[in-house]
Each structure stands twice: as C-alpha cells, then as structure tokens.
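**Q** Below are the chains, spelled out letter by letter.
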Amino acid sequence: MSPSAMHGPPRERALAGEPAGVGGPRDSAGSGPRPLTFAEVYGEHAPTVARWAARLGGPAADVEDITQEVFVVVNRRLKEFRVDGRMSTWLFGITSKVAANERRRRKVRQWWLRLAPGAADDAPAPAEGALEQLEKRERRVLFHRVLDQLSERHRQALVLFELEEMSVDEVAAHLGLRSGNTRVLLHRARSAFLKSMVRCELQKELR
Amino acid sequence: MRGVEDELLRWREGTLDPRALPARAADLADAARDVPAPSPMVLARIYAKVAEADAEAGGRRPAFLRRAPMGLRLATLMVLLLMSAATAKGAMVIWHRYVGPVVVPIVRPILERAAPGHAAPARSKVASAEGPRPRVEAAPVVEAMPHEPPVIAQPAAEPSAAEAPLPTRPRRAASSPRRVAEPVAPPEAADPTNEAQLLADAIARLRQRRDPRGALALLDRYAETYPHGILASEARSARIEAMVKVGDRANALALLDQPATFAGRLGAEQLLTRAELRASVGRYADALGDFDRLLAASSPLAASVPGSEVERALYGRAVTLGHLGHDRRARADLEAYQRRFPNGRNAAEVTRLLQGGPR
Numbered sequence: 001m002s003p004s005a006m007h008g009p010p011r012e013r014a015l016a017g018e019p020a021g022v023g024g025p026r027d028s029a030g031s032g033p034r035p036l037t038f039a040e041v042y043g044e045h046a047p048t049v050a051r052w053a054a055r056l057g058g059p060a061a062d063v064e065d066i067t068q069e070v071f072v073v074v075n076r077r078l079k080e081f082r083v084d085g086r087m088s089t090w091l092f093g094i095t096s097k098v099a100a101n102e103r104r105r106r107k108v109r110q111w112w113l114r115l116a117p118g119a120a121d122d123a124p125a126p127a128e129g130a131l132e133q134l135e136k137r138e139r140r141v142l143f144h145r146v147l148d149q150l151s152e153r154h155r156q157a158l159v160l161f162e163l164e165e166m167s168v169d170e171v172a173a174h175l176g177l178r179s180g181n182t183r184v185l186l187h188r189a190r191s192a193f194l195k196s197m198v199r200c201e202l203q204k205e206l207r
Numbered sequence: 001m002r003g004v005e006d007e008l009l010r011w012r013e014g015t016l017d018p019r020a021l022p023a024r025a026a027d028l029a030d031a032a033r034d035v036p037a038p039s040p041m042v043l044a045r046i047y048a049k050v051a052e053a054d055a056e057a058g059g060r061r062p063a064f065l066r067r068a069p070m071g072l073r074l075a076t077l078m079v080l081l082l083m084s085a086a087t088a089k090g091a092m093v094i095w096h097r098y099v100g101p102v103v104v105p106i107v108r109p110i111l112e113r114a115a116p117g118h119a120a121p122a123r124s125k126v127a128s129a130e131g132p133r134p135r136v137e138a139a140p141v142v143e144a145m146p147h148e149p150p151v152i153a154q155p156a157a158e159p160s161a162a163e164a165p166l167p168t169r170p171r172r173a174a175s176s177p178r179r180v181a182e183p184v185a186p187p188e189a190a191d192p193t194n195e196a197q198l199l200a201d202a203i204a205r206l207r208q209r210r211d212p213r214g215a216l217a218l219l220d221r222y223a224e225t226y227p228h229g230i231l232a233s234e235a236r237s238a239r240i241e242a243m244v245k246v247g248d249r250a251n252a253l254a255l256l257d258q259p260a261t262f263a264g265r266l267g268a269e270q271l272l273t274r275a276e277l278r279a280s281v282g283r284y285a286d287a288l289g290d291f292d293r294l295l296a297a298s299s300p301l302a303a304s305v306p307g308s309e310v311e312r313a314l315y316g317r318a319v320t321l322g323h324l325g326h327d328r329r330a331r332a333d334l335e336a337y338q339r340r341f342p343n344g345r346n347a348a349e350v351t352r353l354l355q356g357g358p359r
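Quick note, the sequences are listed as chains A and B, same order.
If you're matching positions, the first sequence starts at 1 in the numbering used here and goes up one per residue.
If you're matching positions, the second sequence starts at 1 in the numbering used here and goes up one per residue.
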C-alpha cells in the first residue's frame with residue numbers, strides 16, 4: 001500500500017459520515033456490506049485514531065506508539081468485527097483502552113524514575129509566537145491535568161463532546177449508551193471537570 | 001454534527017462571560033483540541049510497523065492457528081490438555097498393572113487378613129458371618145492305610161478300617177504361615193467381595209451342610225469365574241478337602257502332587273493330607289518324607305503345626321515306618337504318641353500295637 005493510499009477521507013466523514021449500523025462499503029451486487037480489509041480500515045481511520053490518541057493520551061502521549069498498538073489489535077481482531085457494526089465505535093473503544101493503558105504505564109514510569117519529563121515538556125509546539133505558544137501549551141497541560149482527575153468514562157465523554165465536537169447521539173453511539181444516559185453522563189462529567197479545574201487553578205495560584 | 005439542537009451546549013457556545021467557569025473551561029478545551037495531524041510519512045511508518053508486528057506474531061503461531069478464531073484455538077488447547085491427561089492416566093494404569101506392585105490396593109486388606117497364624121480370608125469371612133466355625137471332619141485318609149502294619153507284626157493287631165479311627169478333630173485347612181500372595185486377577189475379574197463370598201459359600205456348603213459335591217460345584221464355578229483369583233490357594237485347599245470327602249482321593253493326591261499347587265509351598269494341613277494320601281496308595285517313602293517334614297524339630301512348619309495334626313502325623317509316620325521296616329523308629333513314634341497324647345483318638349490302637357509289637 002502506498003502512503004497516499006493510506007490517506008483516508010476528510011475528517012468530517014471519518015467523524016460523522018458513517019451512518020450507524022454500517023461498517024463497510026457495499027459490494028457490487030448490493031447484497032450487503034462486505035468485510036473490510038485492514039488496508040481499507042487503516043487508510044480510512046488512521047488519522048482519526050491518531051487524533052483520538054493525542055486527545056485521550058494527553059500532551060505527553062506517544063501518539064505514534066498508541067496508534068500502532070491500536071492497529072495491531074485491529075489487524076488481529078478484524079475478523080471478529082461485525083460487518084454491520086459501526087467501525088468508528090469499535091476503533092474508539094480500542095483506542096481509549098490503549099490510551100488508558102499508556103497513561104497508566106507512563107504514571108508508573110514517572111513514579112518509578114522520578115526523572116521523567118513533565119507533560120508540558122513533550123507537548124508539540126505549534127508554529128506560532130513564543131508567548132502564545134507557551135500559553136497554549138500551558139492551557140493544554142492544565143486541561144489534561146484536570147482530565148486526569150476524572151474517571152475514564154467522564155474523560156471519554158468530554159473528549160468526544162468538547163474536543164471532537166460530536167453530538168450527544170454520536171457520543172452515545174461511541175460509548176455504547178443511550179442518549180438519555182449520555183446526557184446524564186455529560187452533565188456529571190462537565191460538572192466534575194469544572195470542580196476539578198477550580199481546584200487545579202487554586203493549586204496553581206498557591207504555588 | 002454540532003449539537004445546536006441539543007439542550008447541552010458546549011462550553012465554547014454556552015456563555016459570553018470570559019470569567020465564567022464554562023468560558024475558562026472552553027479556553028482550555030480550545031487549547032487541547034488543537035493537535036497536529038499525523039503526517040503521511042508517520043502513517044506509512046506506523047503501517048509498516050503493524051505489518052512487521054503481524055509477521056512476527058504470525059511466525060510464532062502454527063500456520064493453522066494464525067487465522068483460526070478464538071473458539072477453535074480454545075478447543076484445540078482443551079483437546080491437547082485432555083490428551084495429555086489421558087496419556088498420563090494411561091501410563092499410570094500400565095505402570096500399576098504391569099510394572100508396579102502386583103497386589104492392587106483394593107485387595108490388600110484381604111491378603112493382610114491371611115497373615116501367618118490366622119485363618120484363610122474366606123474362612124475368616126465364614127466364621128465372622130455365620131458364627132462359630134463348625135467342626136470339620138478330617139480327611140478319612142487313614143481308612144485306606146494298609147491294614148497290616150509290618151512294624152507291629154501281630155496279625156490280630158492289624159489296624160482295620162474300623163479299628164483305625166479317623167482323626168476327626170477340627171483342622172485348619174488352608175493357611176500356611178509362609179504363604180505368598182497369589183497372582184492377582186485382572187481388575188475387571190477381581191471383585192474381592194464377590195470372590196470371597198463365592199468361596200465362603202463353597203466352604204459353608206462343605207463344612208456346615210456336609211455337602212462336598214455341592215461345594216465342588218461351587219468351587220468349579222469359582223475356578224471358572226476367578227481363574228487367577230486372590231483366594232485361589234484357599235479354593236484349592238477346599239477343593240482337596242471336598243474331593244477327599246467324596247472319596248476322590250486319586251485326584252486329590254494328583255492335585256497335591258502338582259508342583260504348581262500352592263506355589264510349591266504346602267501348608268501343614270496340605271502336607272499332612274498328602275502324606276496320608278500317599279501312604280494310602282502305598283507310596284510310603286514319599287509319605288515318610290512328608291511326615292518327617294512335618295515333625296522335624298528344625299522345620300519351620302513344626303512350630304505352626306497344631307496338636308491335632310501332630311497327633312495324626314505321629315500316628316501316620318509310625319504306620320508308614322512299620323511298612324518300610326523301620327521297626328525301631330516306628331516304636332519310638334508310637335511311644336511318643338502315647339506319651340504326648342495319652343487320651344488321643346488313636347491311643348487305644350497305639351497301646352495295642354505297642355503291647356503286641358516285636359521286641
């Protein structure tokens with residue numbers, strides 16, 4: 001597969017273009033969705049998975065490593081994927097688990113070594129002015145520090161709703177919940193985030 | 001995409017006050033939302049690494065399992081585990097049956113009951129199940145002994161069948177203090193409970209009901225059912241006893257003469273019976289050898305021979321010696337008999353022989 005072939009569709013399609021219940025293209029006979037090959041899945045979803053990895057993993061996450069691990073799992077279990085299922089939901093589940101494992105390993109490594117660089121040190125620097133770059137990096141670090149205080153479910157809901165800008169129904173589909181439950185989950189997650197943010201800001205000011 | 005229709009508004013859409021908490025949260029979210037997209041080169045590198053990892057993982061597994069579903073892999077694992085367990089079990093069975101100890105644990109208690117100085121297992125079962133052991137008629141062997149013992153050369157004193165009473169005391173028929181374990185039957189045929197019960201029935205038929213022919217029929221069934229039973233030695237003892245009682249002395253003697261009978265190690269009871277049977281058919285020299293083995297002070301059998309059998313042996317050896325012309329030794333045995341068993345069953349006959357015997 002050539003690198004150009006791995007470029008998937010635009011982000012909008014990857015995020016919202018799939019109707020629920022359809023995981024792959026229909027075959028020529030029109031008899032139903034045919035199983036996707038790994039190359040197709042990778043070409044269509046790799047950028048999305050990499051973005052999820054960055055947003056779920058935080059500034060210190062090794063996005064490339066997480067993405068690779070996700071697609072290793074996808075390659076191994078692609079035959080188990082139901083053709084009529086939603087591919088992005090399946091991929092998000094895998095990505096969130098891999099990212100959570102990576103965060104856990106990073107915490108253990110930081111605790112063990114005590115020398116690991118801080119999350120802000122690894123944040124990629126956008127090509128902007130130095131001051132603006134520094135401020136944005138600090139805000140990003142603070143956002144993920146607050147997210148680290150929340151549960152995994154609240155983190156997933158906030159990332160999908162606030163960062164990925166999905167609708168409530170799409171968030172519900174990705175989390176495997178009903179819309180009503182998703183609304184309740186988002187309310188609680190946002191409330192918990194704000195409380196935690198105030199706490200982190202106070203701590204930052206007291207320092 | 002945007003949830004304008006949702007009741008929930010995103011932080012960045014919810015408030016205009018920059019000092020409000022949602023606005024500050026929206027500011028943080030904006031910063032976190034801005035992540036660089038991976039370059040095509042990065043995506044190509046990730047793809048190559050995934051393909052490499054897949055090749056490595058595939059090389060470690062058997063080819064038929066690479067694409068096998070998880071259920072098939074689990075089933076294969078279970079089959080392998082079961083085959084391993086079956087192999088181990090089979091090896092254990094083969095070891096116990098052909099290599100390990102001959103006596104299987106289930107029959108060991110029965111063999112232990114047949115320890116030296118105790119009755120045979122089947123007999124013990126009869127005794128425990130049916131009350132006191134019945135008095136058993138001794139083999140009427142002496143009836144057939146020669147009527148004219150040459151030792152006591154008095155025609156009037158010939159021991160006739162009527163005059164030479166049979167030793168009728170109870171005797172212990174089967175057990176030998178040195179008996180070894182018989183070859184153990186295969187597990188499918190060796191049901192010790194049924195085997196012992198069958199033999200017990202035969203012995204009860206023989207000694208309580210005084211039905212030696214019925215006992216022989218049961219013993220035939222025993223031999224057919226348990227050709228290598230753990231109580232085969234006791235069964236042979238009972239068979240010999242029954243054969244003697246029905247008058248089939250020739251076959252009884254033939255059975256006792258077989259070296260394989262009782263694994264070549266006759267107990268005191270079998271040895272005494274054989275000596276008497278041999279004497280009854282005129283094989284005095286052979287009979288004398290058996291009597292000597294029974295009565296020799298150094299013989300390991302001597303210590304275990306009960307008094308009743310010593311009495312029979314002394315009398316039988318005296319008669320045998322008389323037939324062989326050993327008058328002095330015959331008289332010595334008769335005197336010993338008279339001294340040790342003054343009220344013995346043959347005391348009157350012994351007295352008569354001694355009084356009329358040659359000087």
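It cannot be assumed that every hint is accurate.
[Unchecked claim] Distance condition first, Cα-Cα at most 20 Å in a straight line; then the derived EDC-like pairs of lysine to aspartate or glutamate:
(1) Lys79(A) with Asp30(B)
(2) Lys107(A) with Asp65(A)
(3) Lys49(B) with Asp148(A)
(4) Lys49(B) with Glu138(A)
(5) Lys136(A) with Asp54(B)
(6) Lys136(A) with Asp292(B)
(7) Lys79(A) with Asp27(B)
(8) Lys49(B) with Asp62(A)
(9) Lys195(A) with Glu56(B)
[Stated by the list, open to error] Derived CB-CB ranges, DEER-like:
(10) Thr37(A) with Leu8(B): 35 to 45 Å
(11) Val108(A) with Ala91(B): 45 to 55 Å
(12) Thr87(B) with Arg188(A): 51 to 61 Å
None of these hints come from the bench; they were simulated from the model.
Where a beta carbon is used, it is the ideal one built from N, C-alpha and C, also for glycine.
**Q** For each hint, tell me whether it holds in the structure or not.
**A** Here is what the structure says about each hint:
1. Lys79(A) with Asp30(B): Violated, at about 38 Å.
2. Lys107(A) with Asp65(A): holds (16 Å)
3. Lys49(B) with Asp148(A): violated (30 Å)
4. Lys49(B) with Glu138(A): Violated - the C-alpha atoms of Glu138(A) and Lys49(B) are around 33 Å apart, more than 20 Å.
5. Lys136(A) with Asp54(B): violated (39 Å)
6. Lys136(A) with Asp292(B): Outside the cut-off at roughly 119 Å; violated.
7. Lys79(A) with Asp27(B): Status violated; Cα separation ~42 Å.
8. Lys49(B) with Asp62(A): At roughly 15 Å apart (the allowed maximum being 20 Å), Asp62(A) and Lys49(B) satisfy the hint.
9. Lys195(A) with Glu56(B): This hinted pair is violated, its Cα atoms lying about 47 Å apart.
10. Thr37(A) with Leu8(B): 35 to 45 Å: With Cβ atoms ~38 Å apart, the hint holds.
11. Val108(A) with Ala91(B): 45 to 55 Å: holds (46 Å)
12. Thr87(B) with Arg188(A): 51 to 61 Å: Since Thr87(B) and Arg188(A) have Cβ atoms about 58 Å apart, the given range 51 to 61 Å holds.
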